[in-house]
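Read top to bottom, the protein sequences are chains A and B. With this note's numbering applied, the first sequence has no gaps in its numbers, which climb one by one up to 282 at the end. With this note's numbering applied, the second sequence has no gaps in its numbers, which climb one by one up to 1608 at the end.
Since the hints were made in silico from the structure, they are not lab data. Even glycine gets a Cβ: it sits at the ideal position worked out from N, Cα and C. It is possible that part of the hints are untrue.
Straight-line alpha carbon distances no greater than 20 Å define the calculated SDA-like cross-link-like pairs of lysine to any residue that follow [said to hold, decoys possible]:
#: 1; chain 1: B; residue 1: Lys1446; chain 2: A; residue 2: Gly210
#: 2; chain 1: B; residue 1: Lys1446; chain 2: A; residue 2: Phe47
#: 3; chain 1: B; residue 1: Lys1446; chain 2: A; residue 2: Val10
Covered by chain B, per the in silico footprint, the following chain A stretches (three or more residues, Cβ under 8 Å) [stated by the list, open to error]:
#: 4; segment: 39-49
#: 5; segment: 144-153
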Amino acid sequence: MRSGLVLRHLVAITVTAFALFPILFVISSALNPLGTLSSATLFPSGAGLANVTDLFETTAFPTWYLNSVLIAGLTAVLSVTVSAVSAYAFSRFRFAGRRTGLVALLVIQAFPQFLAIVPLYVIFSVISDNWPVFGLNSIWGVVLLYIGGQVGVNTWLIKGFFDTIPRELDEAMLIDGCTPTQAFRKVILPLSAPILSISALLVFIGTINEFLIASVFLTGDDARTLAVGLFSLLADQRNANFGMFAVGTLLTAIPTVVVFQFLQRYIVHGLTAGAVKG
Amino acid sequence: MATGAWPGSAGGIALRVLVLGLIVAVALWAVAPLVAAENWIGVGIVVVVTAAGLLVYLTPRRLPAKYLLPTTLLVLAFQVFPVVHTMSLALTNIGDGHLGSKQDAITAIETSSVKRRPGSAEFRLTVAEKDGDLVFLLAEGGRAYTGTAEGLRPLEGATLGAGGRITAADGYTVLTAGQASARGSEITELVVPVEGGAIRSQGLSRAYRGTATLAYDAVCDCVTGQDRIWRADEEQGRFVSDDGQALAQGWQVDVGLANLTTALTNPKINAHFLGVFGWNLVYATSVVVLTAALGVAVALVLHHPRMRAVRAYRTLIVLPYAMPAFAMLLVWRDMFNTDFGLINKMLGLDVDWLGAPLTARLSVLLVQLWLGFPYMFLIATGALQTIPSEYLEAAQVDGATAWQRFVKVTLPLLMLALAPLLVSSFAFNFNNFNGIFLVTAGGPFPADNPTMGATDLLITYTFRLAFGQQGAQYGLASAMSVYVYLIVAVLSIISFRRTRAFQEVDR
Chain A
5 MRSGLVLRHL VAITVTAFAL FPILFVISSA LNPLGTLSSA TLFPSGAGLA NVTDLFETTA
65 FPTWYLNSVL IAGLTAVLSV TVSAVSAYAF SRFRFAGRRT GLVALLVIQA FPQFLAIVPL
125 YVIFSVISDN WPVFGLNSIW GVVLLYIGGQ VGVNTWLIKG FFDTIPRELD EAMLIDGCTP
185 TQAFRKVILP LSAPILSISA LLVFIGTINE FLIASVFLTG DDARTLAVGL FSLLADQRNA
245 NFGMFAVGTL LTAIPTVVVF QFLQRYIVHG LTAGAVKG
Chain B
1102 MATGAWPGSA GGIALRVLVL GLIVAVALWA VAPLVAAENW IGVGIVVVVT AAGLLVYLTP
1162 RRLPAKYLLP TTLLVLAFQV FPVVHTMSLA LTNIGDGHLG SKQDAITAIE TSSVKRRPGS
1222 AEFRLTVAEK DGDLVFLLAE GGRAYTGTAE GLRPLEGATL GAGGRITAAD GYTVLTAGQA
1282 SARGSEITEL VVPVEGGAIR SQGLSRAYRG TATLAYDAVC DCVTGQDRIW RADEEQGRFV
1342 SDDGQALAQG WQVDVGLANL TTALTNPKIN AHFLGVFGWN LVYATSVVVL TAALGVAVAL
1402 VLHHPRMRAV RAYRTLIVLP YAMPAFAMLL VWRDMFNTDF GLINKMLGLD VDWLGAPLTA
1462 RLSVLLVQLW LGFPYMFLIA TGALQTIPSE YLEAAQVDGA TAWQRFVKVT LPLLMLALAP
1522 LLVSSFAFNF NNFNGIFLVT AGGPFPADNP TMGATDLLIT YTFRLAFGQQ GAQYGLASAM
1582 SVYVYLIVAV LSIISFRRTR AFQEVDR
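All chains should be modelled from the sequences, with the hints used to inform the complete structure.
What follows is the structure, encoded as structure tokens:
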């Protein structure tokens, strides 16, 4: 039995090492005073903040960061809100076109949004001409686009969870004279905290990692996201900028890790209740 | 019922007035620029959407519609329209050289053929801008004009300075010499079309009127000049000369199902398509199997009553999932770098990991395993905790060995929880653009064929068709998109049918 436990620890340590070594490499590259890829090692060879100051002085990193957090945060909150509202209708109301609507959502969301980048560009050229606030190089337009791409999946996901909440609960509210909206706000939403958090987290992670659409629609200096900005760091001089890139990577991880730790208790529950990783 | 859906309270009425005001305000804001631009289709869309909003939110009935309208509009605008538009583009030859209408192509051909002839008219040029767009302010013999890509127009209210140049004009901002030279390439490219030729700049202070050496003749539907004739070919959407040469600027024409059939029947593309599709299936399947196997294995290893430090292991193993995937993909790419990469340095090797098909394929799989297994681990851990210990105890009482208990009890229950996730993971990785594009960009490419790399997925291959170095072929790329979409749609329908999703529709 003891040797069995030792074996378990050996396996666990090996896998942990596999999980950690790229992260360790990023950390030591971030600290590496030379800041080049060729001088980066697995374990830190020295420690300096040169890469941090370089990143903040030579690039628009704070702007990228703000854009990314704003886009991902807004997309997560708004798409989950809109999806939850429509999921409620699909779960609780019976109306003509309900089945068609659900199946249509399922089929249409299978289309990867960025495959349609040419038509999307057409739409955004028109929007740019008429309402520049939502046009090209505007984070608001991209937020709308991302929400449009996410509501299908999220509606399905959240509806699955709503279906598991006993109808008696909100029916009791209706009998007591509440409106369906009140029943939705006071009964369904509080009970659905796990799935709403998970959906928001998945959207947040997916959006902050989105590269292709952002690289086409957000090219102006003020509009770039972390993914586009950090990619451009390596595109110009891959070797020389690696230290700065590593610092940027670690700083990008912070919001995700924070949100993740905060929501961890919901994750397993929410995911096993029918969640899908986008 | 009536009281529930249509409360007559003061609050309810106030809310309705607010909603009404909001919808009307947004509609007015949205419609103003469309009216100014005389975009009546756009105006029509705004009117219909506004009417729908008012109808749904200001009347007591149509309760489900109140909840569904935002989702419907978003999905229509950003999913349905792009899909339908992609399908319609797939029926055309749109791409580089075939972007606009025939008239656009003729204008482009004529203006780009402009040559300066001796004795042609010369203008005094002042470069200015209006709303960010460059404008030529042109003066000739005391008369003032504005020149843009749209054409030449008389200019009122211009101030002529010494030497006959325009120094100021109402509504235009004259660029300083520094600003103008900073936009030098834009200025060189600005061509002002005029009858029989065009006006181009020469330096920053002069412009000349050149004559087109090519001209369109509507009678023969052909372009003549330079001692040759190019006849319009409405099927290909270009002007072709008798010896088979075509002018670079063509126009967009419908090609019917040609793109869709080309993808299947053209032996050159056909072979790629099947090869890429095969690897695409292998990639998605392998990623799912590898991540699930490692994730479940680690979860099982840590799932033991006397195991210590489980929380610590768990926190550390989950970390890759929390790291930004796009950045870590680039980190992995650079760890595989031949010259500077960590892997070669640590192993003392000099292998070009991403340069050979086999190692490149193994590399992208390893990278995706690293990114994906923590998620599977997390789910498997949760699922293991929900398996009632009575089941396992009962099996033990019946004399089942540890292995039998695992295969007959634990694994089936685990798979039940994981199944929907495996399906969605497959669908995600089938189109895992970042996972390939950021690591290998689809490469390595065979020396004789730069269009299809060893690690290309359908989606990266399609992307290169549309935006690659070979020149944009949007029409063909759209046809490929349609195929990718059909494959994914069928996959997701099958998978949802097999899981419980479709039963829920009927509930």
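Structure-based check of each hint:
Between B:Lys1446 and A:Gly210 the CA atoms are separated by roughly 33 Å; this puts the pair beyond 20 Å, and the hint is violated. In summary, the hint linking B:Lys1446 to A:Phe47 is supported, as the alpha carbons are separated by about 13 Å, within the 20 Å threshold. At roughly 31 Å between alpha-carbon atoms, B:Lys1446 and A:Val10 are farther apart than 20 Å, so this suggested pair is violated. With 6 residues having a Cβ less than 8 Å from any Cβ of chain B, the segment 39-49 of chain A passes the three-residue criterion, so the hint holds.
Only when three residues or more bring their CB closer than 8 Å to a CB of chain B does the claim for the segment 144-153 of chain A stand; here the count is 5, and the claim holds.
Hint compliance for this structure: hints 1, 3 are not met, and every other hint is.
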